[in-house]
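K.L.:
Both chains are sitting in their own frames, so use the hints and assemble them into the complex.
So the sequence lines, in the order shown, correspond to chains A and B. If you use the working numbering, the first sequence corresponds to residues 38 to 130, in order. If you use the working numbering, the second sequence corresponds to residues 30 to 519, in order.
Source of the hints: derived by calculation from the structure; they are not laboratory data. Check before you lean on any hint, since a few could be wrong.
No farther apart than 20 Å at their CA atoms in a straight line, the calculated lysine to any residue pairs in the SDA-like style are these [claimed, not checked]:
| id | chain 1 | residue 1 | chain 2 | residue 2 |
| --- | --- | --- | --- | --- |
| 1 | B | K415 | A | D83 |
| 2 | A | K41 | B | G398 |
| 3 | A | K125 | B | V369 |
| 4 | B | K139 | B | T278 |
| 5 | B | K424 | B | E324 |
| 6 | B | K409 | A | D83 |
| 7 | A | K69 | B | L452 |
| 8 | A | K111 | B | E324 |
| 9 | A | K111 | B | H126 |
| 10 | B | K289 | B | H126 |
| 11 | B | K123 | A | A114 |
| 12 | A | K69 | B | Y399 |
| 13 | B | K415 | A | N81 |
| 14 | A | K69 | B | Y400 |
| 15 | A | K41 | A | R52 |
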Amino acid sequence: MISKQDVEHVALLARLELSEEERELYTRQLNKILDAARALQELNTDGVPPTAHVLPIQNVFREDRAGEHMDPEKALANAPDREENFFKVPKIV
Amino acid sequence: MDLFQRTARQLHDMLVKKEISASEITAAVYQRIEEVEDKVKSYLTITREHAEAKARQVDEKIAAGEPIAPLAGIPVAVKDNMCTEGIRTSCASKILHNFIPPYTATAVSKLHNADMVLVGKTNMDEFAMGSSNENSGFHITRNPWDINRVPGGSSGGSAAAVAAGEAIVSLGSDTGGSIRQPAAFCGVVGMKPTYGGVSRYGLVAYASSLDQIGPFTKDVTDMAHMLNVICGHDPLDSTSANIRQPDFTQHLVNDIKGMKIGVPREYMADGIAPPVKERIKEAIKKLTELGAYVEETNMPHTEFAMPAYYLIATAEASSNLARYDGVRYGLRVEDARDLVDMFMRSRSQGFGDEVKRRIMLGTYSLSAGYYDAYYLKALKVRTLIKQDFDKAFEKYDVLLSPTSPSTAFKIGEMVDDPIQMYLQDVCTIPVNLAGIPALSMPCGLADNLPVGLQLMGKAFAEGTLLRVAYTLEQNTDFTGLRPVIGGGAQ
Chain A
38 MISKQDVEHV ALLARLELSE EERELYTRQL NKILDAARAL QELNTDGVPP TAHVLPIQNV
98 FREDRAGEHM DPEKALANAP DREENFFKVP KIV
Chain B
30 MDLFQRTARQ LHDMLVKKEI SASEITAAVY QRIEEVEDKV KSYLTITREH AEAKARQVDE
90 KIAAGEPIAP LAGIPVAVKD NMCTEGIRTS CASKILHNFI PPYTATAVSK LHNADMVLVG
150 KTNMDEFAMG SSNENSGFHI TRNPWDINRV PGGSSGGSAA AVAAGEAIVS LGSDTGGSIR
210 QPAAFCGVVG MKPTYGGVSR YGLVAYASSL DQIGPFTKDV TDMAHMLNVI CGHDPLDSTS
270 ANIRQPDFTQ HLVNDIKGMK IGVPREYMAD GIAPPVKERI KEAIKKLTEL GAYVEETNMP
330 HTEFAMPAYY LIATAEASSN LARYDGVRYG LRVEDARDLV DMFMRSRSQG FGDEVKRRIM
390 LGTYSLSAGY YDAYYLKALK VRTLIKQDFD KAFEKYDVLL SPTSPSTAFK IGEMVDDPIQ
450 MYLQDVCTIP VNLAGIPALS MPCGLADNLP VGLQLMGKAF AEGTLLRVAY TLEQNTDFTG
510 LRPVIGGGAQ
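Pulled out of the complex, with its shape left as it was, chain B reads as follows (with noise of 0.2 Å):
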């Protein structure tokens, strides 16, 4: 097996043994991203000298004798809106086209003190509003399954590197499902973390109160590893939550006999397409083969999920992305009249357009007049689908859905209808608005194309997460399935 098809333990195993280096892995994964990346299109920035530095500093440490962390030179690839210092951060934005930071997200430091080795910076949708991609201001990038296809969004590139072995794992944000659904349609593991687990002190904000950082990786262990590395307290995020931090990986057990997972009926209706269902009812028998107690239940306000995250994400966007004035940083157009002018003008050429749509939209149901009945009625809906949740959990240690409605669509297919793309995100976006952690998992492929599992948790309870999706893994080939480029599966 090539060393960028392995798992980041597979590799660590490997360091550890001394049958390869640091530098080799990074060398293989370079590699790998000169043969493919034409075609699929991951990043939007490299940075080999920064990367082949960190592998020496671990193949200093090894020599030396000296402990490695668990996923020390391991390469990481990291989505464009975390910030880098030094490394260009656009978030896929011509407005921030030439951003270079002054300083570096927690999550991303986090990965440098574990001695991770940062490959380079992965496209996303602009500002991560987006289901496919398609909404960079710079590329499209491809799925690994189907050049024709999306890899999903807003997390596309991150998901797309993972997929490809243009990284071992990577990290993306997830702010209705922009680590799940792009996750499910390239066939990896991806987690959204409860809401406060993981600091988003340099991630650039979307809809502040529903973004959350978060893993893609290969299978179940590199999760549990990759989440021991990034979540915890950080006081430089004040809606950091201060708990301690357990280790994941010993949620890594394969039984699941005697617990209890609900599967509402909203997430299996008309709209899922035939083949998706008939992969999550396979799972769904394996799982009460492997000892679980699954039944039907109901989460009555699901439907009133999607208006309401759209009209709370675009409120809390038109806000945040106020900043972008042409003052500091990012896009100034020339010869401005006046302040204004120059205002006006730079958001408009350095916007793209599902951004300006979405300040538009969220000005709009901000605006006087209209607070009461768009912005403020969104709010009492998510107070009634979080207690769906809470619900629900009283009763289940998990909750099960699919991931996306449909596989991955094809380039295209959607850009005319924003309806129809937002419809993309009905299984995830209930989530978000809880702020609970979830999980997406590959199981198995529809028309030679990945499908994804979705499996919901309590607040907190990633490792129940990880418990159930590790046991799936462990008695099904469900995340061993890599595509070759272009189309096919091994």
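The following block holds chain A by itself, in its conformation from the complex (with noise of 0.2 Å):
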């Protein structure tokens, strides 16, 4: 069983503010959805490698070499607030 206390505590890993009629509302759905996901535990999968990837791709490598870069005004051009060429952000500590 989930609590309303663990609700709590993954909002704030997800970063995410609730409020107090969605904390319920996810503390019954997570619940009701973690009971069906029980239903995997009846398999035996002792020995099973688990599949993370479907394609039989290790690593992908480049050379090593300077490409094209985006002009800064571009990347800029959605941040919310800028200072120079930096994407600025309210205090941190």
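P.N.:
As structure tokens, then:
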């Protein structure tokens, strides 16, 4: 069972601010979804390797040389706030 | 027949014979949008000036006697989760309501290079999370066959646009059925190619190990041409498969004699609506008449695909969506106390309900103490599901099933019950977990709503799927039906 405190903790990890109503809704719904997910525990998966990715690709390398880069104006065009060529954010500490 | 009702290849023939111009085709599609968009609401953004300029370029090529590409001048719609330089790309999310990408997705660049005409960006479930389009942060797209019903999701806008004649073809993306299920609900052809077959560069990530771009078309011939345009290796996507791309149109062969087709019992179980099952059985009978060998088979781990999928997809999503923090683009709240306050309030205001739910689930299943029990377990189950397919394809050329357990459901019917909504994807999810290609094509109507037939194949065997689908199409009227907007078929 997930408690409302668990939901609060997970919300903080996910950087989501939830209303009291959302906390209750997600507590209820996440419990239902995880109940359904517990069906997986029935399956014996001893010795079964996990599949994180379907293609037999390991590492993809490219030559280490400088390519074209995006113009800073273009890269900053969507910035909510900027100062010179930097993204500006509220104070951190 | 009106121009907007024609297939891309019919329009191409008319262009080559100079019976019409590309500009006339584009004008006909925008005229259709003016007529029906109020009811259907397929689009989030219309790119008319851009489209008209491109159509004129194609007309100039034709006038100069230059050869044109197979889909040159064809109006195409693109799901709003593929980046388009200079054109808003919102993922139907308030958090990206003002995002104008500085670059273009490879799949979209390939449309441009093929001289196709971009009509606009289509509506979707926010960040491709949903099966009905009801999770769009902006508006709900309606099913052209019955505007009180959903078009399916998450690529509902792209499916509805093609069905309603608001585009001739379109692109969607499919993470757990998001191309095939809306194709089924809207009565068009939709394909999820093999994972790695189409570059994901510029596709806004939902679940990176499952996401794949694919086309919607009116018929199987157009599908082969669209695959020719968008498939192929891309160095900008490290998960792009480096294999030689075939000419998919070579597989448009009206012959399936001796082909072996398996029908997994688990996909025809009690949860499938009886009228859907009836249409599928009729299609199976037709395939048998055409010389295919069809038999029932078992895929024993199918029932575990849904829970495994929702653990894996949400885990990947919780990580992928961490980038929406109000720093570099998208929504940022005013007057934040500090950085964390800005993150939390921007994300909470920007994301919709389903997106938050999935981020929460994914964060939980990846968090300390639960990783082994949920996420790692799901990855092991994924292996078992993949092995089910490997085993089946030792025996069969293709597997056949319904695309969706039901026809299009009513707007609002399932919004309060996430699990009921997730169960809509039971027939489509296993394919994404295994990374294989699958196609949905119409196979008749039930209560005047389209039923979708799903064909699944081995990795990179898109050609085999096209061949079976083409043969069915040539010997039935499956892909010929179009909706009258607001109700009925023609």
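K.L.:
Okay, which hints does this one fail, numbers in order?
P.N.:
When the structure is compared with the hints, numbers 8 and 10 turn out to be violated.
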